[in-house]
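Under this note's numbering, residues 599 to 1207 are what the sequence shown spells out, in order.
What the hints contain is simulated information worked out from the structure, not anything from laboratory work. Accuracy of the hints is not assured; some may be wrong.
The calculated lysine to aspartate or glutamate pairs, modelled on DMTMM-like cross-linking and capped at a C-alpha distance of 25 Å, are [said to hold, decoys possible]: (1) 1017 / 1029; (2) 992 / 1029; (3) 955 / 608; (4) 1003 / 976.
Computed spacing ranges between beta-carbons, pair by pair [unchecked claim]: (5) 706 / 625: 18 to 28 Å; (6) 996 / 629: 23 to 33 Å; (7) 997 / 1026: 25 to 35 Å; (8) 1096 / 878: 53 to 63 Å; (9) 895 / 1207: 26 to 36 Å; (10) 1000 / 1175: 30 to 40 Å; (11) 1096 / 1175: 14 to 24 Å.
Heads up, the beta-carbon is just placed ideally off N, CA and C, and yes, glycines get one too.
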Amino acid sequence: LGEELVPDVDQGIIELVKNAYDADAANCTISLNPGGDGHGSILIEDTGNGMSDQNLRFGWLVIGRSGKKEKTPTSRYGRMPVGDKGLGRLAALRLGRRVLLKTRPREEPGVEYRLVLDWDAFELATVIEEVPIEVSRVATDKSHGTDILIDSLKSPISRTTANKLARNLLLLADPFSEEGTVAPVSLGSTEDDVGEDYEPDPGFRPELMVVDYADLAAKVRQSYFSDAEYRIQALLDEGGRARFRLLDWKGEVLHEQTPESVYAAPAFAFDLWVFILEGGRFSTKSATMKEVKAWLGQVGGVHIYEDGIRVPPYGGAGDDWLDLNLRRARSPEMRPSTNTAVGRVRVSNLDRRLVQKTDRIGYIETESFLEIRRCCSDAVEWAARLRTRERDHKRQTERKADKEKTEGAARRLEAVISKAVPVTQRKQVEDAVQQYVKDVGRDTKSLRQEIQLYRSMATAGMTTAIFSHEVGRPLTMIDGAIKAILKLVPAADQEKAASRVSRIQEAKRRVNSFVSIPLSLLEKRKRRVGRVTVNAAISRLATLIAPVIDYYKVTLTLDLTEDYTDISGSDALIDGICLNFVMNSINAFQRVGHPQNDRRIWISTTYDG
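All chains should be built: construct the whole structure from the sequences, respecting the hints.
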């Protein structure tokens, strides 16, 4: 039954990860090992509360009977459980021929319970009671948590499956929660709601440890929210009253409206980040358009998070539950699509107004769900109307101003030509002037773009210098603090402490070097124009960035000519050129999927006369 309801491998693994969330785990790692024989293994490890012998026998091993049905908060962090009847867990466990479970309950330190499920034995049995399941107890020095090893997989994990798993893990625990989103009233647990019986929740972040799939694992950690052009928000309170907002890329509210409609839905928050995928838009941004497009191809769409955990298939590949693409096709004016936007709906479902389907793939389309969809759609349409109106007004104003300027300039030019140029040569002069105006227009446009880029770079440089200066202050105190700490260490432990302190000192030296680099590059003397010896400037730069080179395990070789290398310029000019090339090379070494153990950068100078 579990295999038929949850046929996808990635979804089965996600169900096991949800169990870790319900166990109050802060960390959960998933390791996929392809195996040399084509039948690999899956290992899921978490730092949750673990399970006692009774929890195993009368909870984890029982399918179809769930203690989470009443939606009571978890014991440690007060989370709302997201698991259900255990069918998804069973489907995941059936991926291999053998399952080894190790669990260490938080209430029983030093104790580990183990059990083995041999599915071949179940295949031979008439009823499952014929197969004994023994739970053994052993001593351990490990911390509380649960490890599940699914061994001898029936079929190898394909790259497509690993890709889907990477995507689902990325989206499982709401990667939008740290992007300045606003939660509606009574949405999820607050410190007052949770009370003194629970500890502060550190959050839940699953980590994918994929052998041979490092590029897929990197997708779990990547995001480009700061490069969005604008954001649409809809906040619905418990009374069904909504508030729509349109925010700019900095997160500042541009427009806000409270619609007259009342929505029969539970309280929720809707956020949609919209990107304008035009080359010129990315000239001042940290990411390239190609990177953002590839990222949106993985995560684009509107996802739903119930009590902090994603509900598939909303926002998945091919899913467009808000009909964004259809609306854009009908009226493309200022409307986003799943290829140009990513968003989420965050909803609390304590009163069970939203009902998930038995296969855990989506909600039954009750009135509450349909009202959520209507509210989100209304917010998108409201934002589209606003942006269209603003764009039209801006265009009209610009056209009017340009027309007035052009007409005035044309009148003045005609007056000058009529007075100063003979009639026989007037046509040639007018043609030459028109061509000149066209050329100047192109140059002006290019210069404006360059000025904007330089201003952005200057802002980044000043900010970096300020941060480096402030970070450098506490670094000077670390050496004194280390000496004071060593005085408190007993003489017998001095040697052991010294070895550990040396690692701290080395890390401090590296951080101090990193901090000094931007301050050195921005020194005023380096910007003075005059006679500069290129070889000397390159040598000074190599010494300055040596800690960076060592940190990334790169060998930097200088092959500097003995001939004349003086130029008219500045040290900053040489630093900018060489440092740009060096950092590009280091970034190339870090590319996912292209490991390079022998990392070498070669800088040479020659004199061509």
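Comparing the hints with the structure gives:
1. 1017 / 1029: 17 Å, holds
2. 992 / 1029: 32 Å, violated
3. 955 / 608: 18 Å, holds
4. 1003 / 976: 41 Å, violated
5. 706 / 625: 18 to 28 Å: 20 Å, holds
6. 996 / 629: 23 to 33 Å: 57 Å, violated
7. 997 / 1026: 25 to 35 Å: 31 Å, holds
8. 1096 / 878: 53 to 63 Å: 57 Å, holds
9. 895 / 1207: 26 to 36 Å: 51 Å, violated
10. 1000 / 1175: 30 to 40 Å: 39 Å, holds
11. 1096 / 1175: 14 to 24 Å: Violated, at about 43 Å.
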